[in-house]
Amino acid sequence: MTAIAPRATKASSRTVLAGRESASPVGSRRQPARGRKALVGYLFILPTMAFAATFMYFPAVSAVWHSLFNWTGIGNGTFVGLHNFVALASDPVMRTAVVNVLKLAAFAMLVSVLVPLPVAKLITSLRSQRAQYVWRVLFVVPLVLPSVVIYLLWQFLYDPNFGPINRLLGLVHLPQQLWLGSPSEALYAIMGIGFPWVQGFALLIFIAGIQAIPAELTDAARVDACGPWATFRRIELPLLKGQLRLVLVLNMIWTIQDYTAVLILTQGGPVNSTMVPGMYLYQNAFDNQNMGYASAIGVVMFVIMAVITFLNLRYMRPSVDYSRRER
Amino acid sequence: MAPKKLSQLGGSPTNTINRRQFLGGTLALGAGLAVAGLGAGEALGVPTASAAGTKSLSGTLSFFDHQSFSNPTGKQLIAEYEKLHPGVHVNIVSAPPATIDQYVNTLMEGGAPPDLFVVATNMVPWQNVKDNWWLDLTPYANAPDPYVAGNKRWTDIVLPGVLPTLVFRRGQMYSLTTTGFDVGFFYNKAIFQKLKLKPPTTWAALIALLERVKRAGGGYIPFFCCLGELQYGDQTPGLLMILEDTVMSRTIDRLNPSDPSGAVSVSELVRGIKDGVYSAKNADYQECWKIFKSLAPYMQRGAAAANDSALGLAAFETGKVATWFEGSFNAPQITKVDWGAFVVPNLTKATTRFATNAPQRKGAYGATAGFPFVIPTETKKKGKLALAVDFIYWMSAPEQTQRYATANGVLDLDRSGGNSPDLSAFVRAANSVSRLSVAELALPQSFFINRAKLLEAYVLGQLSLSSAMTQMQAVMDQAAAQATTEFGL
Chain E
448 MTAIAPRATK
458 ASSRTVLAGR
468 ESASPVGSRR
478 QPARGRKALV
488 GYLFILPTMA
498 FAATFMYFPA
508 VSAVWHSLFN
518 WTGIGNGTFV
528 GLHNFVALAS
538 DPVMRTAVVN
548 VLKLAAFAML
558 VSVLVPLPVA
568 KLITSLRSQR
578 AQYVWRVLFV
588 VPLVLPSVVI
598 YLLWQFLYDP
608 NFGPINRLLG
618 LVHLPQQLWL
628 GSPSEALYAI
638 MGIGFPWVQG
648 FALLIFIAGI
658 QAIPAELTDA
668 ARVDACGPWA
678 TFRRIELPLL
688 KGQLRLVLVL
698 NMIWTIQDYT
708 AVLILTQGGP
718 VNSTMVPGMY
728 LYQNAFDNQN
738 MGYASAIGVV
748 MFVIMAVITF
758 LNLRYMRPSV
768 DYSRRER
Chain V
39 MAPKKLSQLG
49 GSPTNTINRR
59 QFLGGTLALG
69 AGLAVAGLGA
79 GEALGVPTAS
89 AAGTKSLSGT
99 LSFFDHQSFS
109 NPTGKQLIAE
119 YEKLHPGVHV
129 NIVSAPPATI
139 DQYVNTLMEG
149 GAPPDLFVVA
159 TNMVPWQNVK
169 DNWWLDLTPY
179 ANAPDPYVAG
189 NKRWTDIVLP
199 GVLPTLVFRR
209 GQMYSLTTTG
219 FDVGFFYNKA
229 IFQKLKLKPP
239 TTWAALIALL
249 ERVKRAGGGY
259 IPFFCCLGEL
269 QYGDQTPGLL
279 MILEDTVMSR
289 TIDRLNPSDP
299 SGAVSVSELV
309 RGIKDGVYSA
319 KNADYQECWK
329 IFKSLAPYMQ
339 RGAAAANDSA
349 LGLAAFETGK
359 VATWFEGSFN
369 APQITKVDWG
379 AFVVPNLTKA
389 TTRFATNAPQ
399 RKGAYGATAG
409 FPFVIPTETK
419 KKGKLALAVD
429 FIYWMSAPEQ
439 TQRYATANGV
449 LDLDRSGGNS
459 PDLSAFVRAA
469 NSVSRLSVAE
479 LALPQSFFIN
489 RAKLLEAYVL
499 GQLSLSSAMT
509 QMQAVMDQAA
519 AQATTEFGL
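Quick note, the sequences are listed as chains E and V, same order.
Here the first sequence stands for residues 448 to 774, where the numbers follow our numbering.
Here the second sequence stands for residues 39 to 527, where the numbers follow our numbering.
Keep in mind the hints are simulated off the structure, nothing from the lab.
For every residue, glycine included, the Cβ atom is placed at its ideal position computed from N, Cα and C.
Do not take every clue at face value.
[Stated by the list, open to error] What follows is a list of derived Cβ distance ranges for each label pair: (1) V:Glu355 - E:Lys550: 32 to 40 angstroms; (2) V:Gly256 - E:Ala536: 33 to 41 angstroms; (3) E:Ile597 - V:Thr523: 37 to 45 angstroms; (4) E:Gly617 - V:Ala150: 53 to 61 angstroms.
Make a model of the complete structure from these sequences and hints.
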């Protein structure tokens with residue numbers, strides 16, 4: 448039982464304060480000194496903030512501003528108000544692009560959990576630490592490859608005439624596909640890139656999450672005759688909600704923003720079947736010299752991502768936290 | 039001192055002069071006029087024999103070379119020019135590993151561009167004509183090139199069929215070049231020999247040839263084309279432009295081209311669009327698309343997946359492709375296949391009712407692409423114009439043009455004919471460019487790109503002809519409106 452300190456009264460507070468003021472001349476300089484320290488701190492972060500303002504915030508604000516203009520990227524452009532957004536709302540290509548990116552995002556979110564999580568569980572279940580390390584490295588090594596290299600490799604794999612996938616299909620007497628050359632197949636071909644979808648980044652996050660679960664919880668479950676699947680489902684999975692949320696949100700953001708695969712492999716074709724907002728933005732900005740319209744696309748993408756991220760964070764809070772101790 | 043009267047110049051007191059005096063005076067007057075003319079020429083910025091081709095030039099020429107002088111031949115050329123003009127230093131401004139056109143815009147918008155540019159296509163100066171970024175080089179095109187013996191006008195250096203591809207709007211030339219490229223059919227000589235085929239001279243013969251290759255089996259691909267090429271200036275849509283020249287011959291006449299070559303200018307095309315003379319609703323326009331689509335049964339599987347000439351090259355090099363429609367710049371890269379080339383065959387009445395007996399043009403690009411030289415207006419303000427123009431003149435000489443073209447995989451389009459015989463089909467194409475090509479290439483890039491997309495959809499069967507034409511008409515109308523604003527038509 449700790450001694451309870453006497454509650455300070457106003458009178459005693461004033462006395463203490465007065466005593467402090469009269470007893471120590473340093474106290475009178477404590478406020479200005481604190482202010483000086485704060486000023487120094489601000490000065491240190493000023494260069495970084497200046498760079499951030501110039502290269503991150505200013506372009507974003509500029510994009511919002513120019514979305515209100517008919518602008519080729521040169522000069523000032525003509526103010527058109529919300530005309531670009533109105534045109535965007537009735538643009539069939541943009542509609543197709545949004546639908547496509549939502550399909551891609553849904554698929555990416557699904558495979559970012561369904562594959563790396565079981566793989567992470569399997570790796571962490573290995574008794575040998577060395578074996579865990581080896582498997583972890585093997586799955587993470589592909590991260591160092593530039594994505595362009597991977598896409599070009601898949602372009603070769605998907606070649607309808609000379610690619611290995613069609614050759615394999617031919618060998619086993621299965622019908623060969625057009626892959627990136629077919630409007631009905633191209634989007635799914637792009638989804639297939641990266642098979643078997645063991646994302647190194649998600650894998651590392653899940654491994655870290657699983658390893659952070661207190662061992663006594665799983666031990667207690669084992670004592671209570673809980674099988675591995677029940678342990679995973681009822682104890683480990685709830686505790687991984689934070690990691691799940693992170694992986695889902697990041698994959699969603701990356702997929703919505705990313706258009707590298709489309710740019711390299713299909714440029715939005717055939718017949719706009721793989722068009723995504725990022726690619727459409729690029730085409731409008733640099734092929735059609737329509738920077739105002741491209742900026743409007745960017746603003747719309749930002750709003751969509753902001754809404755989805757907010758909803759995700761709002762409704763994906765972990766409901767269980769076994770790490771809190773009662774006082 | 040008061041000026042002497044003519045009678046006081048040693049002549050007779052009766053105000054007449056003798057023959058010697060007359061001749062002397064005439065010669066002096068002529069010399070004075072020549073000197074004055076030279077001075078005036080310099081003042082106008084038109085380089086004259088006194089400056090060009092001599093060692094009097096000096097200064098630093100900053101040069102955005104579009105990476106075309108970064109090879110050993112290019113560096114050698116720069117060194118030779120500097121040796122020729124000891125007071126001159128050529129400072130290469132490197133291109134970044136990104137979209138070069140955007141970089142060019144940034145340089146120009148920044149207000150301190152290099153003195154001389156090599157650009158990818160003539161569209162670069164044309165699209166910014168209202169910004170007054172680029173100098174009208176027409177006076178220099180009409181001036182003699184001091185580095186070509188006996189030359190009276192620079193335009194006499196290039197092949198006559200190439201000149202229209204340098205002309206924009208109202209006869210202005212914003213670029214000068216003696217190089218370019220064009221499209222045609224590469225063919226595999228081994229396959230042709232095996233199947234006893236010959237390069238076709240008519241479209242009907244081409245279809246028959248492709249049919250024979252298809253029936254022969256053996257994994258042969260009768261016709262490879264990059265149907266997925268959707269960028270401005272890509273090669274496959276060039277076939278459509280070539281077909282237009284023949285099929286739409288009567289329409290072209292109605293567009294009333296003022297150029298003696300018969301080439302339609304962008305202003306004439308825009309007027310034609312607005313008047314409905316050049317229209318997707320017209321039967322002759324639609325006929326071009328149908329003829330293009332007649333190649334579809336012979337195309338490689340998944341033709342839309344081929345969106346880059348590198349993929350076509352890889353396919354051709356397998357030895358399984360009988361014919362491949364592509365640009366001449368691919369020729370130096372073909373190493374595994376013994377190849378030949380032929381131009382787009384003639385259209386006859388057997389193929390289309392619109393065929394005529396008039397000569398049919400075979401090219402789509404000519405000098406519109408292939409490293410044209412352009413000069414910013416800032417160069418004149420900086421006093422570097424003579425130097426920039428002199429460099430262009432020097433590069434236009436046949437010796438330099440041939441080496442530069444060979445090193446960069448483009449065609450040598452001057453009259454001295456410095457190309458390999460293998461490229462003769464492409465040179466023929468570049469020297470007879472479709473009369474509609476340049477005008478269509480001068481329209482805003484969205485016209486070319488959207489047309490390529492619609493063509494792809496139509497050939498794949500995703501769009502009916504009527505749907506494609508409805509959308510194409512909208513593309514035409516939008517391009518015409520945009521061109522009117524941007525080019526001040």
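So, going through the hints one by one against the coordinates:
no. : hint                                    : result
1   : V:Glu355 - E:Lys550: 32 to 40 angstroms : 36 angstroms, holds
2   : V:Gly256 - E:Ala536: 33 to 41 angstroms : 53 angstroms, violated
3   : E:Ile597 - V:Thr523: 37 to 45 angstroms : 43 angstroms, holds
4   : E:Gly617 - V:Ala150: 53 to 61 angstroms : 59 angstroms, holds
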